[in-house]
Structures are given as C-alpha cells and as structure tokens.
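Peer 1: Next come the chains, spelled out residue by residue.
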Amino acid sequence: MGIIDFIIDSVLTQASITIALIAFIGLLLQRKDFGEVMSGSFKTMLGFLVLSAGASIIVNSLIYFGKIFSEGFGMQGIVPSIEAINGQAMNDLGLGNQIAITFLAIFVVNIILARFTKWKYIFLTGQAILWMATMTTVFGSVAGFSGISLILMGGLVGGFFAVAMPAIAQPIVRKITGTNEIALGHFCTIGYVFAAGISKVIGKGSKSTEDIKFPKGLGFLSDTYLSVAFVMIPLYMITAAFAGASFGAELSGDVNYLVYAFLQAVEFVVGVYVLLAGVRLLLAEIVPAFRGIALKVVPDAKPALDCPVLFPYAPNAVTAGFVTTTIGTVIAMFVLPWFGLAMILPGMLTNFFAGGTAGIFMNAVGGRRGVLFGGIAHGFFITLLPALLVPHFNSFGFVNTTATDVDTVGAALVFQWIISPIMSLFS
Amino acid sequence: MLNILVVCGAGLGSSFACQMSVEAVLQDLGVKASVDHSDISSAAGSRADIIISGKNFESQFMRYDLPMELIFLDRLVDKNEIKEKLVPVLEAIGKL
Chain L
1 MGIIDFIIDS
11 VLTQASITIA
21 LIAFIGLLLQ
31 RKDFGEVMSG
41 SFKTMLGFLV
51 LSAGASIIVN
61 SLIYFGKIFS
71 EGFGMQGIVP
81 SIEAINGQAM
91 NDLGLGNQIA
101 ITFLAIFVVN
111 IILARFTKWK
121 YIFLTGQAIL
131 WMATMTTVFG
141 SVAGFSGISL
151 ILMGGLVGGF
161 FAVAMPAIAQ
171 PIVRKITGTN
181 EIALGHFCTI
191 GYVFAAGISK
201 VIGKGSKSTE
211 DIKFPKGLGF
221 LSDTYLSVAF
231 VMIPLYMITA
241 AFAGASFGAE
251 LSGDVNYLVY
261 AFLQAVEFVV
271 GVYVLLAGVR
281 LLLAEIVPAF
291 RGIALKVVPD
301 AKPALDCPVL
311 FPYAPNAVTA
321 GFVTTTIGTV
331 IAMFVLPWFG
341 LAMILPGMLT
351 NFFAGGTAGI
361 FMNAVGGRRG
371 VLFGGIAHGF
381 FITLLPALLV
391 PHFNSFGFVN
401 TTATDVDTVG
411 AALVFQWIIS
421 PIMSLFS
Chain P
1 MLNILVVCGA
11 GLGSSFACQM
21 SVEAVLQDLG
31 VKASVDHSDI
41 SSAAGSRADI
51 IISGKNFESQ
61 FMRYDLPMEL
71 IFLDRLVDKN
81 EIKEKLVPVL
91 EAIGKL
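Listed in order, the protein sequences are those of chains L and P. Okay, so the first sequence: first residue is 1 according to my numbering, each after it adds one. Okay, so the second sequence: first residue is 1 according to my numbering, each after it adds one.
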C-alpha cells in the first residue's frame, strides 16, 4: 500500500500535478494522439506553475505597498485584485487542489443545469470560473466544508451563477448585439444589471455615447497592462512620498526610495502579466474541451463569452463607462472609511473591463446621462461589495487585498450570510 | 505552417473565443494553420502571418508598422464576418 499512500499524500496534494492529470484524462477521452495528450497535459501544468509565480510577484509588491501605505496615511489601504486573492489562496492557503477540482465541478453543474433547465447558457470564460472556484473554495472552507462537500457546494453555487448571470444579462445583451446567439459570461453581471437599472431611471431620452468624439490619446487605456501601470505607478510613488524618505529607505536599501516605489509598481504589473499568462496556458486545453462536450450534451446551447466581445458594439460607451466607474470608485474610496469600512483603492483591471461593459449596458438603456450617473453608482457599488469582505480576508490571512468581480463576491456572501448560518444550526 | 494570432486587451477571454471561431472557419475552408491568442502588448513583437483583432484595437495597431496581414472584426465570434474578411487575405498570400 506504500505506493498508493505515496501517490495520494505526496503527488496528488500538488495542485499542479492534479490539474495536469485532469487535462491528461480529458485529452485521452477526446482521443487526441499521444503527442497532443502529452504536450497538452504539460502545458496545463506549466500554466499552473506560471500562475503561482505571478502570484508571488504580486504579493511581494503588495506587502511593500501595504507597509508604505500604513506609514504614509496611518491606515490600511486595500488593493482589490481577484488575481492576488486567487494566487494567495493557491500558494499560501494550500487550497490549489480544491480550487482546481471545484473549477471542474462548476463546469459539470453548468452543463447539467443548461441541459435540464431553460437557461441554455454555457459559461466559456475560463478565468472567471477560476475566480469563482477560488471564492467558493475560500468561503466554503471557512463555512466548515471540506473534501467532497466543499467541492460539491462550490460546484453548485458556482454552476448556478454560471447560468443565472448570463440569463439576467441576456435581455440587454440582445438589445446591444441585435441577436440572441451570444450571451455574456463575465462575473461582474450583478453590477451591470444594477448600473443599467440606475441608467434606465435617470437617462430616459438621453442621446447615445456613440455620437461623442473622444480624444484619440485615451486609446492606450484599452491596453490592459498599460492602464494598470498608468494607475499603479502614481499610486505607489505618491504613497512612498507620504511615507517619507527615511521610512522608504529602510525598505529600498541602496536604491532611492521613489525609484524603488516606481519599480515596485511596475513589479505589480509584471505579476499580473505573468499570472494571466499562466491562466492562458492553463485554459488553452480545458476550455475547448469543455466547449466540445457542452455543445454535444446541450445542442441548443448559447455560449456565454467574455465581456470584451461586446466592446466593438459601442466603443465610446466602453471609454465613458470606464471613466465614470473610476470616478465612482474614487468617491467610494474616500466615503467608505467614514462608515467603518476599509479604504479600497481603485482597481484598474476591474474598472476597465467591468466599467467598460457596464458602459455598454448603461448606454443601451439610458444614453449619455445614464452612463454618467449609472457609472458613478456602478463604481460605488463594485467598491462597496468587496469592502464588506475585507475583515474576512484579513482574518483568513490574505495580505492587503480583496476580491473584485462582484458576482464572485456575491457567491462569497451567499456562503457568509446564508449557508454558514444554516451550517451552524446543524453542528 | 500558417500562423494566425488573435489579439485582445488582456489576451484571455475574447481573443480565445474568437480563436475558436477562427479555427472553425479554417476547418470549413480546409486550411491548416496554427492559431493562438495573446494580449495587445506583446502582439507587436509576434511573428504571425495574420493578426486578427477587434475594430476597437485598430488605432493601437496603426501606431506600428507591422509586416503581417491585419484583420479587424466588428463581431469577434461571428463566423460569417470572419470568413468574409479572412478569405481574401488567405487568397492574397496564396494559402487558399
């Protein structure tokens, strides 16, 4: 039995190996030839390890930022980043295995729900499912689940979101695209629907954003990593200036403290870049396999796709939604601490993707005025929900960070507010 | 082998969705190619024969003088549009 114990205790506890095995079995089942099976499994494992490497870069940069922020402003500043949450959950909390298997469980529940309910959506945005699996695993294990029950609960909650979110977005997506063929698969949907609701009330009769001429100079912001750098660099450097030269020098050693802050901000962007490159490798085999299986089992399925698929339909609304959402997150950053909540810094990745998509939604129902007011409300909303989770993340040992994508925050709150109290009734 | 790169902002979601549609179109056409997806920051350094991206990225690409064929789509996963724009390019470079 020694060999089986060895496999279970020493090999399968390594999430990178487990996930490579999952890919290996998946590729075998698709009857790929030997070369493709091996290269696909290896790439999946490589992806997982690249992701972890990116996560530790992010965390190192965040630890530095946390120190200068509390020195400079006398309070904790939280960087919202679902990538950082995922990385820390996998690396430091040792939940990598559970997250990987929950990820698969969400796919399976999604297919079953699409097959047997009228919600025929197949959620193809792999990284969003990974973030969802991360949140259900973290909050599920805190609620007292472990092993099979943890994966089952995560699969059920995540699978429900995977069909319900495209379903609630579809009426407006249909209006935007003019067809019913594609759906939106992005876990910021509660925010989009909220923003569209506000926009509809306020923006009645307002003209479309697509008639506005925007300065071409803003175009670089559609480059994800540049737009993150655009905000992180001033954020780190101003914070370092407030923390002062003598404190900064303690952390920076021989390097000038402002130069060091600049480099640490760039390091953060590097971490995001590496982590997402890992995600890309990780998903390259899994998503097409899932799509193939799903389309066989659910013949009339609608693929729910990542949000930038909608961007070409209303590019001005993307820029406008990004700007107004960012204004909302800046307001929330200053307002929430008055109510005893943490100070959440604006998260540029989410502001761009979620803000941009919200912009398209808001423009579709409430034009320019809707995008302006709805966007500010949206920014506030997507800062408020993650702020509610900060005390929990702190108590689980996460470093200066909170989740972003509001649907995953919603799933976490389902565990905190509903499932956890029910669990404690029975124990 | 013909190399096609599909590009979006982060190189994760919509470029991947578009890649799957491109692959389906290539299969219909009977053209063999290796298709991959990536982010716009690294796309300029790529050595692909054809780059496919969304219309909203067109101004970004125009800043570079890229040697490969560029295709910009209004609807990233619309197979008809992909076919319509890809076929002339494939014919021009003698792959069809």
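One or more hints might be untrue.
Below, computed lysine-lysine pairings styled on DSS-like, alpha-carbon distance capped at 30 Å [unchecked claim]: (1) P:Lys85 with L:Lys213; (2) L:Lys200 with P:Lys83; (3) P:Lys95 with L:Lys120; (4) P:Lys85 with P:Lys95; (5) P:Lys79 with L:Lys175; (6) L:Lys175 with P:Lys83; (7) P:Lys55 with P:Lys32; (8) P:Lys55 with P:Lys79; (9) L:Lys296 with L:Lys43; (10) L:Lys118 with P:Lys79; (11) P:Lys79 with L:Lys32.
Since the hints were derived computationally from the structure, they do not count as laboratory data. Remember, it's a predicted structure, so these values are computed and weren't measured experimentally.
Peer 1: Any of the earlier hints contradicted here, and which numbers?
Peer 2: Numbers 2, 3, in rising order.
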